[in-house]
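Enquirer: Residues per chain, in single letters:
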Amino acid sequence: GEDVEQSLFLSVREGDSSVINCTYTDSSSTYLYWYKQEPGAGLQLLTYIFSNMDMKQDQRLTVLLNKKDKHLSLRIADTQTGDSAIYFCADLVDSSYKLIFGSGTRLLVRP
Amino acid sequence: DAEITQSPRHKITETGRQVTLACHQTWNHNNMFWYRQDLGHGLRLIHYSYGVHDTNKGEVSDGYSVSRSNTEDLPLTLESAASSQTSVYFCASTRARGDTQYFGPGTRLTVL
Chain A
31 GEDVEQSLFL
41 SVREGDSSVI
51 NCTYTDSSST
61 YLYWYKQEPG
71 AGLQLLTYIF
81 SNMDMKQDQR
91 LTVLLNKKDK
101 HLSLRIADTQ
111 TGDSAIYFCA
121 DLVDSSYKLI
131 FGSGTRLLVR
141 P
Chain Y
580 DAEITQSPRH
590 KITETGRQVT
600 LACHQTWNHN
610 NMFWYRQDLG
620 HGLRLIHYSY
630 GVHDTNKGEV
640 SDGYSVSRSN
650 TEDLPLTLES
660 AASSQTSVYF
670 CASTRARGDT
680 QYFGPGTRLT
690 VL
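Line by line, the protein sequences are chains A and Y.
Under the working numbering, residues 31 to 141 are what the first sequence spells out, in order.
Under the working numbering, residues 580 to 691 are what the second sequence spells out, in order.
Some hints could be false.
[Unchecked claim] With a cut-off of at most 25 Å between alpha-carbon atoms, the simulated DMTMM-like pairs for lysine to aspartate or glutamate come out as follows:
#, chain 1, residue 1, chain 2, residue 2
1, Y, Lys-590, A, Glu-32
2, A, Lys-97, Y, Asp-678
3, A, Lys-128, Y, Glu-638
4, A, Lys-128, Y, Glu-582
5, A, Lys-66, Y, Asp-633
6, A, Lys-128, Y, Asp-678
[To be verified] Computed Cβ-Cβ distance ranges for the label pairs, DEER-style:
#, chain 1, residue 1, chain 2, residue 2, range
7, A, Ser-37, Y, Thr-584, 29 to 35 Å
8, A, Gln-87, Y, Thr-679, 17 to 23 Å
9, Y, Thr-592, A, Ser-81, 40 to 46 Å
10, Y, Asn-635, A, Thr-60, 18 to 24 Å
11, A, Glu-68, Y, His-620, 15 to 21 Å
12, A, Asp-46, Y, Arg-674, 36 to 42 Å
13, A, Asp-46, Y, Tyr-629, 39 to 45 Å
14, Y, Glu-582, A, Leu-38, 30 to 36 Å
15, A, Met-83, Y, Thr-605, 45 to 51 Å
16, A, Arg-43, Y, Tyr-629, 28 to 34 Å
17, Y, Gly-630, A, Asp-46, 45 to 51 Å
Because the hints were derived from the structure by calculation, they are not lab data.
Bear in mind that the values here come from a model prediction, so they are computed numbers and not experimental data.
All C-beta atoms in this analysis are idealised placements derived from N, C-alpha and C, irrespective of residue type, glycine included.
Based on the provided sequences and hints, a complete structural model is requested.
Expert: If you want it as structure tokens, here you go:
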């Protein structure tokens, strides 16, 4: 079946940029998503990118997609302590509504 | 405002008992999903529904069932709870393929 992988942990200093990486195996992926989960809460959609795009920018967030290498990244500029959370990459399985999630990257922002 | 709610938020039960977790959405979305979240596994799909009376198995459906009698609700039933089903359960809904999946706040289930 399709798979999505992420590194488990990232620690950055406040004000630095954070880059969270994700790889996926779905060769027919059409939509890729980044979700944020704060402690004790559900998942909140941060941004998404269509597979025919290389980059998408939304305020402090930049998503880069390398479709050839099946690699997705999320860059958070000027990372703040409020950005500390778990970030999930998700792939929309072709011809369905199902999302395949990575195991999540825990981002810790140090003051 | 439209929303998706889950109840209860926390549940402790014993092995062998039947448990039902509720999910209710007010967006009038046809598509609803149940996931479980475990350390090291991210979210895994249990069951999903594309509309009333439609249900489908996800990747970890053993021991779980769902029913869809109306658009707003997709209850998840654990027929005979097992300790391996201790997890956090999330319900989600979406209007159409590619649209945002909206997640509920989750239910933390402990099976003793």
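Enquirer: Of the hints given before, which are not true for this structure?
Expert: Failing hints, ascending: 1, 5, 15, 16.
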